[in-house]
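Using the sequences plus the hints, can you model the full thing?
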Amino acid sequence: NAGVTQTPKFQVLKTGQSMTLQCAQDMNHNSMYWYRQDPGMGLRLIYYSASEGTTDKGEVPNGYNVSRLNKREFSLRLESAAPSQTSVYFCATSGTGTNTEAFFGQGTRLTVV
Amino acid sequence: KQEVTQIPAALSVPEGENLVLNCSFTDSAIYNLQWFRQDPGKGLTSLLLIQSSQREQTSGRLNASLDKSSGRSTLYIAASQPGDSATYLCAVPPAGGTSYGKLTFGQGTILTVHP
Numbered sequence: 001n002a003g004v005t006q007t008p009k010f011q012v013l014k015t016g017q018s019m020t021l022q023c024a025q026d027m028n029h030n031s032m033y034w035y036r037q038d039p040g041m042g043l044r045l046i047y048y049s050a051s052e053g054t055t056d057k058g059e060v061p062n063g064y065n066v067s068r069l070n071k072r073e074f075s076l077r078l079e080s081a082a083p084s085q086t087s088v089y090f091c092a093t094s095g096t097g098t099n100t101e102a103f104f105g106q107g108t109r110l111t112v113v
Numbered sequence: 001k002q003e004v005t006q007i008p009a010a011l012s013v014p015e016g017e018n019l020v021l022n023c024s025f026t027d028s029a030i031y032n033l034q035w036f037r038q039d040p041g042k043g044l045t046s047l048l049l050i051q052s053s054q055r056e057q058t059s060g061r062l063n064a065s066l067d068k069s070s071g072r073s074t075l076y077i078a079a080s081q082p083g084d085s086a087t088y089l090c091a092v093p094p095a096g097g098t099s100y101g102k103l104t105f106g107q108g109t110i111l112t113v114h115p
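Those protein sequence lines, which keep their order, are chains A and B.
Residue 41 in this note's numbering is what sits at position 41 of the first sequence, and the numbering runs on without skipping anything.
Residue 109 in this note's numbering is what sits at position 109 of the second sequence, and the numbering runs on without skipping anything.
Check the hints yourself; a few may be wrong.
Unchecked claim - Covered, in the sense of this in silico footprint (three residues per stretch, anywhere, with C-beta under 8 Å from a C-beta of chain B), are these stretches of chain A: (1) 44-51; (2) 93-107.
To be verified - For lysine-lysine, the following PhoX-like pairs were computed, each having C-alpha atoms within a straight-line distance of at most 20 Å: (3) A:9 <-> B:1; (4) A:57 <-> B:1; (5) A:57 <-> A:71; (6) B:42 <-> B:1.
To be verified - Chain B is nowhere near these chain A residues, computed Cβ spacing over 12 Å in every case: (7) 20; (8) 72; (9) 78.
For the record, the hints were derived by calculation from the structure and aren't laboratory data.
Here the structure is a predicted model, which is why all the values come from computation and not from measurement.
Don't be surprised by glycine CBs; every beta carbon is placed ideally from N, CA and C.
Okay, here's the thing in structure tokens:
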């Protein structure tokens, strides 16, 4: 039972390059989330998907796009990376009803030079 | 807008001490409150989740309490060990809806337990 798996773990991009961060969960949760964590700013929500087929903006969505490919997978795409997007990115999931606990992946450390 | 504050920002204690980490939130209309641990360079590990109808939750040496009316939660760590050294984060989801992972986080308390 892997929980929430993110790939890659590390990535270095040049300004203007694009890339997709992948997230997969085996917890059968409906909701999935992308956060970024920056020193002094804490964790901030980028986008989330309440269920398969839906996505919504979070606090800091500019410069990002997401795709909820199916119930298990939620990807985050940077179309034209900027140095301000240097951060650690976390994917998370949560259930519903009596199973509302949120679980996080191990993170992707992205550096844009 | 919900705001979550954690005090202290950092704490250094000798091994064996009992300690309390504090979390406060401005909007008491919360569904639950979750405590996480984060080791350097790692992801967040869920420690405890307290439903809004609960007063406390326990897991091993950890005990978390919740007082919704005053907008406060505490995480009590008994008999601290060097392996407890980490950043501890509290977080709350919005009161409405079903996206319980749409969390507002505190800035965290950096705990160091020295032998």
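Taking the hints in turn, this is what the structure says about them:
Only when three residues or more bring their CB closer than 8 Å to a CB of chain B does the claim for the stretch 44-51 of chain A stand; here the count is 3, and the claim holds. With 12 residues carrying a beta carbon less than 8 Å from a beta carbon of chain B, the stretch 93-107 of chain A meets the three-residue requirement, and the given coverage holds. At most 20 Å may separate the alpha-carbon atoms for a hinted pair to count; residue 9 of chain A and residue 1 of chain B exceed this at roughly 33 Å. Proposed proximity of residue 57 of chain A and residue 1 of chain B is supported: the alpha carbons are some 16 Å apart, at most 20 Å.
Only pairs whose Cα atoms come within 20 Å are accepted, and residue 57 of chain A paired with residue 71 of chain A is accepted, the gap being roughly 18 Å. For the proposed pair residue 42 of chain B and residue 1 of chain B, the alpha carbon gap of about 28 Å is over 20 Å, so the pair is violated. Distance to chain B confirms residue 20 of chain A as a non-interface residue, since its nearest Cβ pair spans about 19 Å, more than 12 Å. For residue 72 of chain A, the condition that its CB be more than 12 Å from all CB atoms of chain B holds, with the nearest at approximately 15 Å.
Distance to chain B confirms residue 78 of chain A as a non-interface residue, since its nearest Cβ pair spans about 20 Å, more than 12 Å.
When the structure is compared with the earlier hints, violations turn up for hints 3, 6 and for no others.
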